[in-house]
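These protein sequences, in sequence, are chains S and Z.
Per the UniProt record's numbering, the first sequence starts with residue 1, numbered consecutively.
Per the UniProt record's numbering, the second sequence starts with residue 1, numbered consecutively.
A portion of the hints provided could be inaccurate.
DSSO-like mimics (lysine-lysine), calculated; alpha carbons at most 30 Å apart, straight line [claimed, not checked]:
#: 1; chain 1: Z; residue 1: Lys522; chain 2: S; residue 2: Lys408
#: 2; chain 1: Z; residue 1: Lys522; chain 2: S; residue 2: Lys303
#: 3; chain 1: Z; residue 1: Lys106; chain 2: Z; residue 2: Lys183
#: 4; chain 1: S; residue 1: Lys38; chain 2: Z; residue 2: Lys507
#: 5; chain 1: Z; residue 1: Lys232; chain 2: S; residue 2: Lys408
#: 6; chain 1: S; residue 1: Lys506; chain 2: Z; residue 2: Lys39
#: 7; chain 1: S; residue 1: Lys38; chain 2: Z; residue 2: Lys522
#: 8; chain 1: S; residue 1: Lys506; chain 2: Z; residue 2: Lys38
#: 9; chain 1: S; residue 1: Lys506; chain 2: Z; residue 2: Lys442
#: 10; chain 1: S; residue 1: Lys502; chain 2: Z; residue 2: Lys449
#: 11; chain 1: Z; residue 1: Lys502; chain 2: S; residue 2: Lys522
#: 12; chain 1: Z; residue 1: Lys253; chain 2: S; residue 2: Lys443
#: 13; chain 1: S; residue 1: Lys442; chain 2: Z; residue 2: Lys502
#: 14; chain 1: S; residue 1: Lys442; chain 2: S; residue 2: Lys77
#: 15; chain 1: Z; residue 1: Lys507; chain 2: S; residue 2: Lys442
#: 16; chain 1: S; residue 1: Lys232; chain 2: Z; residue 2: Lys132
#: 17; chain 1: Z; residue 1: Lys308; chain 2: Z; residue 2: Lys39
#: 18; chain 1: S; residue 1: Lys92; chain 2: Z; residue 2: Lys443
#: 19; chain 1: S; residue 1: Lys442; chain 2: Z; residue 2: Lys522
#: 20; chain 1: Z; residue 1: Lys232; chain 2: Z; residue 2: Lys142
#: 21; chain 1: S; residue 1: Lys145; chain 2: Z; residue 2: Lys142
#: 22; chain 1: S; residue 1: Lys502; chain 2: Z; residue 2: Lys38
#: 23; chain 1: S; residue 1: Lys92; chain 2: S; residue 2: Lys502
Everything labelled a hint here was simulated from the structure, so no lab data went into it.
Number of protein chains: 2
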Amino acid sequence: MINWNNLDTLKSYNELKNAASVNLVEAMTGANGAERVKKYSVPMAAGLNYNYAAKEVDDNILSALAALADEAQLTDKYEALYNGEVINTGEKRMVLHQLTRGQLGKDVVADGVNKREFYVKEQKRIADFANKVHSGEIANAKGEKFTTVVQIGIGGSDLGPRAMYLALENWAKRTGNFKMEAKFISNVDPDDASAVLNSVDVAHSIFILVSKSGTTLETLTNESFVTDALKKAGLDASKHMIAVTSETSPLAKSDNYLEAFFMDDYIGGRYSSTSGVGGAVLSLAFGPDVFAQFLDGAAEEDKLATNKDFLKNPAMLDAMIGVYERNILGYDSTAVLPYSQGLSRFPAHLQQLDMESNGKSVNRFGEPINYVTGPVIFGEPGTNGQHSFYQLLHQGTDIIPLQFIGFKNSQLQNDVNIQDSTSQQKLCANVAAQIVAFACGKKDDNANKNFEGGRPSSIIIGDELNPKSLGALLAHFENKVMFQGFVWNINSFDQEGVQLGKVLAKKVLAHETDGALAEYSKLLNI
Amino acid sequence: MINWNNLDTLKSYNELKNAASVNLVEAMTGANGAERVKKYSVPMAAGLNYNYAAKEVDDNILSALAALADEAQLTDKYEALYNGEVINTGEKRMVLHQLTRGQLGKDVVADGVNKREFYVKEQKRIADFANKVHSGEIANAKGEKFTTVVQIGIGGSDLGPRAMYLALENWAKRTGNFKMEAKFISNVDPDDASAVLNSVDVAHSIFILVSKSGTTLETLTNESFVTDALKKAGLDASKHMIAVTSETSPLAKSDNYLEAFFMDDYIGGRYSSTSGVGGAVLSLAFGPDVFAQFLDGAAEEDKLATNKDFLKNPAMLDAMIGVYERNILGYDSTAVLPYSQGLSRFPAHLQQLDMESNGKSVNRFGEPINYVTGPVIFGEPGTNGQHSFYQLLHQGTDIIPLQFIGFKNSQLQNDVNIQDSTSQQKLCANVAAQIVAFACGKKDDNANKNFEGGRPSSIIIGDELNPKSLGALLAHFENKVMFQGFVWNINSFDQEGVQLGKVLAKKVLAHETDGALAEYSKLLNI
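Please work from the sequences and hints to get the whole structure.
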């Protein structure tokens, strides 16, 4: 029997409040610090490890967090989710993104269809299509191969797939898996579509229109930019464009597309990288086998998240430490700091994933709650961040928890040796140094050069950023966000907060405004 | 006589605490809201306007903020700065970035040199060099024109120039000012340099090595990536590379460079876009005339910041409203939301500018302070952000102040009309709608669809993003950050917080570690 209770009604939450806090400077200094680094570590899938030694936790706090995870029934709720319970209460939908990469529980059937079979069928259709494009069986009007794929989508149809593409581009180039260059059009700003179209050879480009509903205004607007460009080049747009959409959308059976691939209402946009939304562009760019490895990494990580042993469940640990930082320690934001250029847009994807899922003020029953929920998420790749906003992270007046990500090896494996070390060694040395600098600080009589320390971080370490480890990384954060939503008793799978802006924008375009909105419209010449 | 006092010692600050707060929903609803939009607006340079109607201020709060600005002697301090006083107390340096674009006060002389003349001389040298590259007088060994410029730098030598380049790229293409494509190498991650080098034709590329000290390890490491690539291509590296550095740096008189252009210690990295650091790459990419217009826009905005009339000084207004939000209302972060694809990396630049300048916990004399300083800054272009993290901004448990930026016209001026409006109109309609949605909210009996409102924002509106308006925009934020630093009585011009990480990274590379640092080094295979 699952109970959906608010965090502040849980007995173990009130116990957690009373647990003695950890002095991170003391904990991480000397032999004790070394012990913590060895001890507070848990394996993830694909050779990754989640290390939380530099978080403000100890065995006592971890026990209290385990008790809270238990009382909040996190594994039971996850089980209910992957078995097809209607977890998205706002929209009255199941939440099935994990099912796009594996089946953890019972068969899930909706409208008479086994959903796992449906997702696998679409993956296979996409794989066949991609193989035919790569072989030239599907080609342009002149019979020439397509060389570029352009995704048209916004939000979840853009950020995740784009971040994943960038994360694997260099790896694919080194390993011979690079099939087609991918570009992305998202913003309704006409300069976005125009600039991307100016940068590609449309005659050899295939476009993917991604919209679950088939009615996303930004995306349909950008589609017409593309069809205009194709027409101007004397090309038949319907031979250059495919759709990824739901079976019930107006795009599904349109003759405007070479082919349509399907997703459904049980895949939220921000969770759609492992569905056809990510599948089409990634399979075209890198081949279906690479996409399959990506799914395998995610599936393995999903499996780890079922572990009832708190200390062996990396996503749950990460989630609960985050709740402790947010609700007990009072930290308002979290920085995501990948020491990997390939992950340059991964923080932007996590920003959507986390903030759109858990930026809520009512519980899953629509009742107000009395505690804070999702934090602000931001980040840039290290070492760039070090030369930018790290000043505030080290010496600012607020404490910002940090999520580092690092890999032992680079993706292109091309390096130089300067001052007795490679660039990759310098990169890794920097992330190690930062963790300790943030945690331990350094006393200095000159207060301007003094570092208080006590600034918590965790790190995920892997051998290499490749399809499998990327899949595991993605699933880890998806599951972390899910667990936090469970603890906060909110619905992490709707996004009612985006609606009002849409309604008002339509009013502006219809010139049905008054008051302040009319004045702003004037200022902006609408 | 200037007094450098902590914020919490100022009489007007304590009065501000007692000022009645504004109910933003009420203030912005109906005719009153329309009045505010008309009234709470101030012209900036280059046709921009700063509108703060949707901020939680009224005439009473504004009077209190004006009194605080006055008591904190903001215009006097700015005057002292541009007249060459040693404002950067930590490093005992003058702060002269405004002097790179105009002279607001007295002649500033250092080491017997008139600094305005020095900056102008370097600008002219860069302009001559760029003109010769464009004409082909300076060419590669085969006498062929250079087509690409690659900047090698990190932090301030990267983020600002990169953001400015991206902001003008499309404008330059439309207006016939696009001379050379620019690329940027920054991260010490070897995948960054490798990928950029794989994407350019080195035989027709000119590289700009940017390091004030000439000792930045990341930058020197990336230099050797480039020299290796040039050598492999059978090219003489010294004929493909210029340096931007200080006259005393090891790079200044080296034979490794075709030419060296100079900056000095009075230009902080994050304030260096209008110095040779931005000047070389922007003059090569778009021509010296475009760079000169950019400087003009910045100079005009600098002049506006001298205005003693608080309500006619946009940077000071923006700064003081930010202080009110941070110190009185208790908001911890600020989102920067440009409705312009060209400004895609402008938030990342502001993130450095603001967080590195004002993320401090000691005052300018090195004494601890008892109030919060710089907030977290993050952002992405709208409309992309709307489909991502805006959920939290609308319905999350924390209030995040917002800084919108919008333009009436697009840069490429290529557009489509869908559902009776152009993309540019949709873009503008969205930003107008968002401001009102955030401020006014909308009551709904379904709490999940309810919008509390009361979420403050301001907007800077311009006709077009072009060199002049970009210069004005940049200077506005530089001056805002400067004024906030004055109010908080901190030194906004040093960055001691970046040092400890560097020291520890060196120890890791020298294998001089113990404790936690040694364990992390093992995990990362160093």
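Hint check results:
no.: 1; hint: Z/Lys522 / S/Lys408; in the structure: holds (10 Å)
no.: 2; hint: Z/Lys522 / S/Lys303; in the structure: holds (28 Å)
no.: 3; hint: Z/Lys106 / Z/Lys183; in the structure: violated (38 Å)
no.: 4; hint: S/Lys38 / Z/Lys507; in the structure: holds (20 Å)
no.: 5; hint: Z/Lys232 / S/Lys408; in the structure: holds (27 Å)
no.: 6; hint: S/Lys506 / Z/Lys39; in the structure: holds (26 Å)
no.: 7; hint: S/Lys38 / Z/Lys522; in the structure: holds (10 Å)
no.: 8; hint: S/Lys506 / Z/Lys38; in the structure: holds (23 Å)
no.: 9; hint: S/Lys506 / Z/Lys442; in the structure: holds (16 Å)
no.: 10; hint: S/Lys502 / Z/Lys449; in the structure: holds (13 Å)
no.: 11; hint: Z/Lys502 / S/Lys522; in the structure: violated (51 Å)
no.: 12; hint: Z/Lys253 / S/Lys443; in the structure: violated (39 Å)
no.: 13; hint: S/Lys442 / Z/Lys502; in the structure: holds (13 Å)
no.: 14; hint: S/Lys442 / S/Lys77; in the structure: violated (43 Å)
no.: 15; hint: Z/Lys507 / S/Lys442; in the structure: holds (15 Å)
no.: 16; hint: S/Lys232 / Z/Lys132; in the structure: violated (38 Å)
no.: 17; hint: Z/Lys308 / Z/Lys39; in the structure: holds (19 Å)
no.: 18; hint: S/Lys92 / Z/Lys443; in the structure: holds (22 Å)
no.: 19; hint: S/Lys442 / Z/Lys522; in the structure: holds (22 Å)
no.: 20; hint: Z/Lys232 / Z/Lys142; in the structure: holds (17 Å)
no.: 21; hint: S/Lys145 / Z/Lys142; in the structure: violated (35 Å)
no.: 22; hint: S/Lys502 / Z/Lys38; in the structure: holds (24 Å)
no.: 23; hint: S/Lys92 / S/Lys502; in the structure: holds (22 Å)
This entry does not satisfy hints 3, 11, 12, 14, 16 and 21, going by the numbered hints stated previously.
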